[in-house]
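Both chains are sitting in their own frames, so use the hints and assemble them into the complex.
Each protein sequence line maps, in turn, to chains A and B. So the first sequence is numbered by the working numbering: it starts at 166 and just counts up by one. So the second sequence is numbered by the working numbering: it starts at 663 and just counts up by one.
No lab work stands behind these hints: they were computed from the structure. The C-beta atom is built at its ideal place from N, Cα and C for all residues, glycine as well. Errors might be hidden in some of the hints.
As the list claims (entries may be wrong) - Straight-line C-alpha distance at most 25 Å; calculated SDA-like pairs for lysine to any residue:
no., chain 1, residue 1, chain 2, residue 2
1, B, 1028, A, 174
2, B, 687, A, 174
3, B, 1028, A, 190
Unchecked claim - Between beta-carbon pairs, the in silico distance windows are:
no., chain 1, residue 1, chain 2, residue 2, range
4, A, 189, B, 1102, 33 to 43 Å
5, A, 253, B, 707, 12 to 22 Å
6, A, 179, B, 707, 20 to 30 Å
7, A, 171, B, 734, 22 to 32 Å
8, B, 1031, A, 256, 19 to 29 Å
Each chain is listed here by its residues.
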Amino acid sequence: MTADLWTALFIAILAAFVGYEVISRVPVLLHTPLMSGSNFIHGIVLAGAIVALGIATTPLEQAVGLVAVIMGAMNVTGGYAVTVRILAMFDRTKRKGGAT
Amino acid sequence: MTAWVGTAIDAVYVVAVIAFILGLKAMSSPETARRGIVYAGMAMLAAVAATVFSPGLSNFTLIALGVIVGGGIGWYWARIVQMTAMPQMVAIFNGMGGGAAAAIAAVVLLSSIGNTAEASLSVAGAVIGSVSIAGSVIAFLKLQGWMRSKPIVLPARQPVNLAVLVVGVAFGIYSVARLDTVFLLPFFLLLLLYGVLLTLPIGGADMPVIISLFNALTGIAVALDGFALVNGALGDAGYGMVIAGVLVGAAGSLLTVLMARAMNRSIGNVIFGAFGATEETGVELQGSLKPIQVEDAAVMMAYANQVIIAPGYGMAVAQAQQPVKELADLLESKGVTVKFAIHPVAGRMPGHMNVLLAEAGVDYDKLLDRDEVNPEFAHTDVVLVIGANDVVNPAARRVGSPLQGMPILDVDQAKNVIVIKRGQGKGFAGIENDLFYKDNCRMLYGDAQQVVGKLVQALKRS
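Isolated chain B, as found in the complex (with noise of 0.2 Å):
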């Protein structure tokens, strides 16, 4: 071993940590966020193939295994995946490298318990990890509708749920503090469990902000980590890990508190509050839920000045994109203006509804914030709700209401609405949409794909 081939892997990962950082901050446009995820990524390419240098690896036969194995599920499934699973698909695969920095401390704490400063920053690194990959797991097998994405409540919960971390960290430091590798597995085992049962209670709509927490998560355990190979076998090139993983976790973070402020809860909140799963009673709402056919929603849009399409999670669930994009652009040709109104936290993942929206060929230019989009409301004619809910439920501006000051789409401001919803249940917050009792607020009920369908062919006659 040469003392050159050290300089020249640490050369790659200042490198390689520069691209990182640039490649992140590329993402503030779209004109240059493409060009900067391929540099990052050729840096990334550079700086794992450099750390196969490192002195002192063996087990090679195995290393390429696991990275072709490994590889090859990750690239496969991430390309043949529906645009529509991309919160699921981000959740598991965040969830694998808070699992793969768990097992990354498992491998330090096994073979070297006796050094304490590297024992004791893998033991944190592993009880980060442990949680974000058992809280990925359920977040994704919700998400992907294979378990129930309501809030699931166990008796007992927060003290139980205590109880199970405070005892699991216990057995880490017992085993770094008596050198004693016995109790790493129940370690392990109660801080997976742990992250289960941290996950079990957040609903659906509350994902946007779990899944970038445990993004946030991953990142600082590959910190963790990093920091602990410092002094051990991967040198100086574990601070490229250190920066890599806090500049994620840093990022991350703020993304966490954009998401829980766009709701105007804590993280905490969010976290502990098993939000959505008791429902709003005692409130009587005045007015009537009025329908409207297909042809009269047609007609009303055709001849609007302006009509803007708030869409929500139920617009990706019918994977109604595609015609939602032939109606606003039939409603162009008639030389109506066409605008989307998007809640920071509409869907399931931060930024949810504009992918699915860019997916279907919509120009990001006519993709309005809330911020922006809320003053353009009282001078239009009509807006079309999508599948959305709590986040245009007037409600939020009641006193006592859940959704107490949560900033809204205000959407009740324009002249008329028209909301295509399934069928006549509440939204997930459990509450009431007074909204829909609104003298301008028109339903129209059915499969959002569907309908929308009938009024592409409903304008396309008139």
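Same shape as in the complex, but just chain A (with noise of 0.2 Å):
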């Protein structure tokens, strides 16, 4: 394995311990826009998708490049209307027929 993957080993390590820390104490309540937020965060696939399809160069590569970067736009946008979506109906100021 070359230096970069090393350094890439390490910050994973590193990213995972984050990833349970900032978790551990979410309430059940959030337990869905918790889901849904990290599902969008993984969106971060489309920024990949773009360089793979930017690399391609025969037809078959410029075609499943192209099947990852509108998959990775849903995943995106997908991701993140459904968390906001989720997270409105948990806003006690904007609610709709919330009486608190």
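Below is the structure:
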């Protein structure tokens, strides 16, 4: 493995602990937005998909890259819109029909 | 290509990673969660936009086309869908992420199979991404009702599944070792098949665990792609993908464990156990099912000091959350204290009941977690169970029951229990519910929305 990959591995280990720590105190109430929000965050896959399509040269690579970009874009916009909609339900000030 | 562009891209990614971490952290409180996701969203937009300027890219027309088509579909679909369809929406958008991860790995394998480190990482990313998209699509079909949600158990399931996985991975390893892209097609097809086979035997009530597991898997697949791209075209910005992917992988794994623990089962048992495929036999229950009239149930609740409502998947199916909110308001106007008892795995995704009740406008301070609410039942006059079954089944305390050891809502300890249920069938787990036969339990049959509506009418008259 090259030095870059070792660096990435060290970073991955630290990120795993951060991920665990950051959400370990999330209440059951917010489990859905947590799941949906993390679903949105792995939408960063779109960046990888853009690069993959960007370096594609053969028609096959281009076709597969295009599929990657379409799916990645669906992940990121869908994940974001769903999370925002769900969190709007928990918003005390703007909620529809909500007497608090 | 000047050096400052690369530096600028990396800087954007550093800021984006900070926003992702803080965005997830903001999820620990309803007051901050919304702001957190908006900041994470802006960071995502900046990171994706910056990526387009990475050195050496072409095919910009196709990139724009893909972003517009995919982004448009995702955005539109997520905006128009009913709140009750949220579990399958989360499943399908997660599957898209897994599919994108697998497709990225495919491009890397096709274009640079000669680089062993990159290719090996891409094989790993492809394995996990393919399983995640295929599994998520099956979960989507089951949740959407386009496929039977009961476990589908094929003969010789375990050995066949294992063989499909092993042969599939072998094709991948062979491709990398022999620098031959011909075997990539069977590699991907077999892993997609494995994802399908893995998810078919998983039933509806286990969906909270499985949705959250596939979410974690997609995160890991994205991180593996990031690993592969750090050396290649994405450069240092690939670390951003690694961090975001691992962050989600860790968070998703923790949530998966929490869900499995809420049912007192191991993740292995959820995935491989085909739970709910067989029914418990040979247990004779004492007592009988005692129906109650709507008017009597309404009076019982109107004169109670405290009523606790325990909702389950039946409330979601019947879309009864709005009438339930009306019922709670009406009872409170009569001086009754109303609380909601939420089991962590009630419904089809983690936190499902909380979202539905919040949508109906129920204040989240009234939504109590299992551990908070269980001590309350002993001094509660009426518990209204709406479309929940296994999570309130005292059989969980009986040795030898398939539910044995599952932490339940102790609704049977209340003075009176009224159960709203569609029919006389068993719960998802195929187990008779001891609760229904208890002396303090009355059955109110019918569609949850209609029955709660009738309860509201009866309360208004009284």
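Checklist line | Violated hints, by number in ascending order, as checked against the structure | finding: 1 and 7
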